[in-house]
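With the first letter of the sequence shown counted as 1, position 327 gets the number 327 in my numbering; the numbers rise by one all the way through.
Among the hints, a few may not be true.
Unchecked claim - Quick list of in silico lysine-lysine cross-link-like pairs, DSS-like style, CA-CA up to 30 Å:
id	residue 1	residue 2
1	Lys124	Lys378
2	Lys426	Lys56
3	Lys231	Lys124
4	Lys56	Lys182
5	Lys299	Lys330
6	Lys182	Lys235
7	Lys56	Lys378
8	Lys231	Lys350
9	Lys277	Lys259
10	Lys182	Lys426
11	Lys182	Lys394
12	Lys219	Lys182
13	Lys221	Lys342
14	Lys51	Lys124
15	Lys340	Lys350
16	Lys307	Lys56
17	Lys426	Lys451
18	Lys182	Lys401
19	Lys394	Lys378
20	Lys218	Lys277
21	Lys259	Lys299
22	Lys378	Lys401
23	Lys426	Lys330
Since the hints were derived computationally from the structure, they do not count as laboratory data.
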Amino acid sequence: MIFVKKTEKSEYIDPLQMNLFNDRFEETQNEVKEVTVKEHKKKASKSGKRKLDLSKYPHEEVHHSLEGIDCVCDECHAKLQKIASNFVRHEVVVIPEQIKVIDHYQDVYKCQHCKNNFPMKLKKANMPRSLLAHSPLASPSVIAHIAAMKFFYKLPLYRQEFWGRFHGIDLPRSQTSHWMIKVFAEQCEPLYEYLRKQLMELRYIHIDETPYNTIESKKAKTYYWVLASGKYEGKQIAIYHHHDGRDQATAIKLLTGFKGAVQTDGYAAYNFIDSTKHLGCLAHVRRKFVTASQVGLTKNSRSISAKLVKRFDEITFLDNQGVELEEERKQRRQEIIFPKMKAVFDEISKLIISPKSALHRAQQYALSQENRIINTLKEGYYELTNNRAERVVKESVMGRKNWEFSTTFAGAKANAIALTLIMTAKLNRLNPEAYLYRILKKLTEVDSLSKDALEDLMPWNLKSDFSNQELLY
């Protein structure tokens, strides 16, 4: 039995960091002088601690003053005069959630000059419609709060029942799940489709999928497919799509009309993508060699695998060296990264190993993805890995661990649309609940969302309209 480390953390050390210790010790060895330093103690600083930024919150000053008999001189008993007010510390205060009820009245008007005409003509003031008819509780703020609690904070609906009880509100999960379907799967679908259309116009996207459980499906598993914009794209979007299959037909349907580059994990369903625009994932290739370095049957195979992992880590480190302009990054990749990447794959191709070994499996996978990995170096806005899609997928995976399943396809679709809006808000550094509220409030003000209204609700067009209190970061 072989026991291995359960980590993919590399032991690679940046050679540039080691240069810090390459001073010419021989030349200074004879210049060392003994100096007596007075003993002292210094409190160790906490590494990795982020500085607390309280500037975005409202501040309230509290002055602690001397009053009455305390405000007299201890010597002559004369009244003391204030000469300064020194700041001592901050105190953060959390204000509990508050619920209020807005009573809507619609004013009615008539013309005094035409009051004798029959029938009398009355004019009523315009007012927003209810988000859901005959459901006074289903207001934009309540729905936005419930959705944010479920999809952003991962609090399933049955636990939110207790939140409702605490506030004296009856929120049975059967009712709130119905609200999610009516609002997100139906009313928010035009916005969802508009976001998807925006994604299809980008230069480069990531795609991935993860299993799900939908009771209504006859299959043991259904799937959430995820499409995400590249890190350097001007419009940051994440699209979730629910389907009961993981076949190529679904992938083709999702990517129909997209003309840019697509990054995948090498799953066979994506083999239809144009080979010149199909990008591979270096993280998946590296992961195979990490496994081989841990479970290889011979010391030699484990050593070879570990060395290749270090080579990939060196390439990743060099690629991340702060070149922000796309053209400069592209040139750097072609001049520096490409030769190193090609050399690693050439080395992998020359390995002669047992066909039953983990290293052989890693070798075969790496060689099958070589051209797609090389493709990632063709543009400065490409990424070496598909990790971005995996991070977006993780949002649904973490949620699935809490709410476990959907009863119907409509419920799974509602989840997909809500996750799309929330994750897209997060990618654009907007508070998801505030963004949902803005969307749902707009739905009560119009009969249907026009193209201009849809464009106004795009998160990149709302950034300047949100106050600091509404920003996520």
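### Message
Check whether the Cα positions of Lys299 and Lys330 lie no farther apart than 30 Å.
### Response
Judged against 30 Å, a Cα distance of about 38 Å means the pair is violated.
Are the Cα positions of Lys182 and Lys426 separated by 30 Å at most? 23 Å, holds
> When you check the alpha-carbon spacing of Lys219 and Lys182, does it fall within 30 Å?
Replying inline: Satisfied, since the Cα-Cα distance of roughly 25 Å is no more than 30 Å.
_Check whether the Cα positions of Lys340 and Lys350 lie no farther apart than 30 Å._
16 Å, holds
*Holds or violated: are the alpha carbons of Lys221 and Lys342 at most 30 Å from each other?*
39 Å, violated
Hey, Lys378 versus Lys401, does the alpha-carbon distance stay inside 30 Å? 38 Å, violated
Please verify whether Lys259 and Lys299 have alpha carbons no more than 30 Å apart.
46 Å, violated
TODO: With a cut-off of 30 Å on the C-alpha distance, tell me whether Lys56 and Lys378 pass.
DONE: Violated, at roughly 41 Å.
**Prompt:** Between Lys426 and Lys451, does the CA-CA distance stay at or below 30 Å?
**Reply:** 23 Å, holds
Sort out whether Lys378 lies within 30 Å of Lys394, counting only the CA atoms. 28 Å, holds
query = Within 30 Å, alpha carbon to alpha carbon, are Lys218 and Lys277?
reply = At roughly 35 Å apart (the allowed maximum being 30 Å), Lys277 and Lys218 break the hint.
Does Lys235 sit within 30 Å of Lys182, going by the straight-line distance between their CA atoms? 28 Å, holds
Violation of the numbered hints given earlier is confined to hints 1, 3, 4, 5, 7, 8, 13, 14, 16, 20, 21 and 22; the remaining hints are satisfied by the structure.
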